[in-house]
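The primary structure of each chain is shown beneath.
2 protein chains.
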Amino acid sequence: MADKDDDKIDLSRRGFLGGAGGLAASGLVVGAVAGAAGAFAVATQSPTIAAVAADAHPFYNQPHQAGIQTEPQKYTVFMTYELTTSSRTDVQVLLARWSAAIAQLAKGDTIGSPQPTRPDAVAQDSGEALDLGPEGLTVTLGLGPGVFDDRFGLSARKPTLLEKIPTLPSDQLQPEYTGGDLSLQACANDPQVAYHAIRNLTRMARGTAATLWTVTGFGRASAGPSQQTPRTLLGFKDGTRNIFEDSDLEKWVWTAGDGQAWMKGGSYMVARKIHMNIETWDTDAIGDQQNVFGRTKLEGAPLSGHREHDTPNFTKKDASGDLVIPATSHIALAAHENNGGVKILRRSYNYTEGIDDLGQIDAGLLFIAYMNDPKHFIEMQTKLGSVDRLNEYIKHIGSAVFAVPPAPKQGSFIAADLFA
Amino acid sequence: MADKDDDKIDLSRRGFLGGAGGLAASGLVVGAVAGAAGAFAVATQSPTIAAVAADAHPFYNQPHQAGIQTEPQKYTVFMTYELTTSSRTDVQVLLARWSAAIAQLAKGDTIGSPQPTRPDAVAQDSGEALDLGPEGLTVTLGLGPGVFDDRFGLSARKPTLLEKIPTLPSDQLQPEYTGGDLSLQACANDPQVAYHAIRNLTRMARGTAATLWTVTGFGRASAGPSQQTPRTLLGFKDGTRNIFEDSDLEKWVWTAGDGQAWMKGGSYMVARKIHMNIETWDTDAIGDQQNVFGRTKLEGAPLSGHREHDTPNFTKKDASGDLVIPATSHIALAAHENNGGVKILRRSYNYTEGIDDLGQIDAGLLFIAYMNDPKHFIEMQTKLGSVDRLNEYIKHIGSAVFAVPPAPKQGSFIAADLFA
Chain A
5 MADKDDDKID LSRRGFLGGA GGLAASGLVV GAVAGAAGAF AVATQSPTIA AVAADAHPFY
65 NQPHQAGIQT EPQKYTVFMT YELTTSSRTD VQVLLARWSA AIAQLAKGDT IGSPQPTRPD
125 AVAQDSGEAL DLGPEGLTVT LGLGPGVFDD RFGLSARKPT LLEKIPTLPS DQLQPEYTGG
185 DLSLQACAND PQVAYHAIRN LTRMARGTAA TLWTVTGFGR ASAGPSQQTP RTLLGFKDGT
245 RNIFEDSDLE KWVWTAGDGQ AWMKGGSYMV ARKIHMNIET WDTDAIGDQQ NVFGRTKLEG
305 APLSGHREHD TPNFTKKDAS GDLVIPATSH IALAAHENNG GVKILRRSYN YTEGIDDLGQ
365 IDAGLLFIAY MNDPKHFIEM QTKLGSVDRL NEYIKHIGSA VFAVPPAPKQ GSFIAADLFA
Chain B
5 MADKDDDKID LSRRGFLGGA GGLAASGLVV GAVAGAAGAF AVATQSPTIA AVAADAHPFY
65 NQPHQAGIQT EPQKYTVFMT YELTTSSRTD VQVLLARWSA AIAQLAKGDT IGSPQPTRPD
125 AVAQDSGEAL DLGPEGLTVT LGLGPGVFDD RFGLSARKPT LLEKIPTLPS DQLQPEYTGG
185 DLSLQACAND PQVAYHAIRN LTRMARGTAA TLWTVTGFGR ASAGPSQQTP RTLLGFKDGT
245 RNIFEDSDLE KWVWTAGDGQ AWMKGGSYMV ARKIHMNIET WDTDAIGDQQ NVFGRTKLEG
305 APLSGHREHD TPNFTKKDAS GDLVIPATSH IALAAHENNG GVKILRRSYN YTEGIDDLGQ
365 IDAGLLFIAY MNDPKHFIEM QTKLGSVDRL NEYIKHIGSA VFAVPPAPKQ GSFIAADLFA
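If you're matching them up, the sequences are chains A and B in order. In terms of the working numbering, the first sequence has 45 at position 41, counting the first letter as 1, and numbering is strictly consecutive. In terms of the working numbering, the second sequence has 220 at position 216, counting the first letter as 1, and numbering is strictly consecutive.
Just so you know, not all the hints are guaranteed correct.
[Claimed, not checked] Beyond 10 Å from chain B on every Cβ pair, some chain A residues (computed):
id, residue
1, Glu75
2, Thr182
3, Ile202
4, Leu238
5, Ser308
[What the hints assert, rightly or not] Stretches of chain B that chain A covers, calculated by requiring three or more beta carbons in the stretch to come under 8 Å of a beta carbon on chain A:
id, segment
6, 332-346
7, 384-395
Calculated from the structure, these hints are not laboratory results. Even for Gly, the Cβ is constructed at its ideal location relative to N, Cα and C.
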């Protein structure tokens, strides 16, 4: 890692960390970065917010990053970035600055003064979320496989299971919605709060990371433990059998680190941009739609039962000897009973992006799922992409995978130990 | 108007109105249309909504359409359409069907069964707003100048003041965001409710009107009477001096009809899609930003005063003899004191649409304003487009104007008297 010392010198030379050069030279760059980030993001408290609000999620000293187990908020802005630097320290500084800023934003604070005293000073915070409060904001940070390629000398620290998702059956991925070295997912109950977070964090990344692709989502499309099950834009409920129990989170979501201490308590995020042919779907007969999902539309009951939370019976047959829940229905293919017990935590959002070239409403699902092994998604989607009856109406056009480290201790930053 | 009788026969032939053919032949097409629309949109009440909810806005028997004076909700989907039919009766039927459907949607109901009993039937309602309630939904319908061109025999019914907005100074209009024969603006406090309304109303228009351009907006960007003033994505408050008094609405917003009885109590909507160069704005010094607006950023006070609602003093000078509020600042140019008393009702929303070709966040303002004479906007924007200091940071890329008729009586539909 001797070649990386150049980065440290670089860092001090550019004055990024002010007086931290000495510390960097003495090898204490991690602490120096954290300290500098804290100094950078000292907040001007929003004038109307006196104390920590009830709808604020704590950032530091949690076992996991917020925005995973957190009950889905109503709105999201998901942004991916490519690293434009070749300096490991730049990456480190960005993660430190982002962490300090996310901590402030989650409290409903600005990330620096929106109205500096000197007229020739530039405001640090763009200001559009002033007066709005935390609104349940969470910003969840992910590291893509590119962080561990040969650019930054971090390949030995790569979690074993973090690999690019291969092309899967039925995939129609578009390069402009695929991949990413870094990701930020802001979720909030007010869209302007989520937008403000991503806008200002993106601004902070300038010179280190550039925007790659983004999706703005609404109307959470997967349920949390105490939430009514929401619906995707296909009109059916989604998330009835999501993960709700801590024991399932321990078993299927949180990772022991895959040999990397810095990932212990983290998870993997799979993001898919799924276009829905809603106008075609809208012309399909209700009987077929229900067979496609394996559930009724209004109640969301499995076709083998009556109530939403009835356990599906995948072997029940009708008078003609046909399966009541078709074997190629979405729930039959995705059910843990038919996937060796595997469960993934879904945290998806609906999106709409105007009108497409045919004059049809462009809409779909930002599918977001967390798991402790991305192969769980890959194996499930290999089945779904091959025979799922839903494929006639959906198209996977974007894809990315990220390692999501645990939350930092106060005074540190996300993935600090990656650089230790 | 004899040539229009063909339309009526057509209508009956296609079975659009079922048994209404005889009525159409006897000239009672208006009532027949309204009745048919009512029959079409008989709702399957959402299973979890028992009575009219507190957050429902009434549709029928109001002096004006909802969504104008209504305190801005948090989310909007604005859609424009071009008429693809040459039949006046098709237009009439669409307005009748839309009206009946909007009345149902505003109550939180579906617009027909989302799960018909017969498996081979197609659901009338796409279903994604089931269980969500009204969420303050309003859908405001507008008629563009094209409704009164030579296609439909309605030119004699055109309100005098409804004219296409000419190209104004600094305009950089893009054809794909400009014009429209019809418009629907859905506003709600839940984005999925607004989306559901526009999606299903669009579906209902198939064969009569095709989508033209759309903007999905969030975080209301103009204040209502009892609301805290919100902020645009430039971080400054917008709407401090919006119209709040009924007397101002009477004087500046509602029209006596401009010679057309069917427009009495209506208004005109000007819609502008305004792109903001937010990344350039974010690099501008705070002193300049405040001079651009003529207000402070945090408090939103005029530079001549201390508190947000202090009346701006446009003649006050500083020690050097310069105006404290620059004459080319946004508030100086837009103030009613400097525009012959003219006020317009603003009801704007912020928008973001991903990443542009430069990798910058694509964002801006869906400016929506209501007035009883579109010239009020044209004259104001002619000044603003010429010398407003804000022009360096914004770009008007879309534009349209619509006549917005009053609300219908129960049993009738929006603009029914236009066809009388």
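Results of checking the hints against the structure:
1. With a cut of 10 Å on Cβ distances, Glu75 of chain A stays outside the contact zone with chain B, its closest approach being about 16 Å.
2. Look at Thr182 of chain A: its CB is around 14 Å from the nearest CB on chain B, clear of 10 Å, so calling it non-interface holds up.
3. Against chain B, the non-interface label of Ile202 of chain A is violated: not every CB pair exceeds 10 Å, the least being about 8 Å.
4. For Leu238 of chain A, the shortest C-beta to C-beta distance to chain B comes to about 8 Å, within the 10 Å cut-off, and the non-interface label is violated.
5. Interface exclusion of Ser308 of chain A from chain B stands, the closest Cβ pair being 16 Å apart, more than 10 Å.
6. Given a C-beta distance limit of less than 8 Å, the hint that chain A covers the segment 332-346 of chain B is violated, as 0 residues qualify and 3 are needed.
7. With a cut-off of 8 Å between beta carbons, the segment 384-395 of chain B has 0 residues touching chain A; three or more are needed, and the interface restraint is violated.
Going down the numbered hints, you'll see the structure goes against 3, 4, 6, 7, while the others check out.
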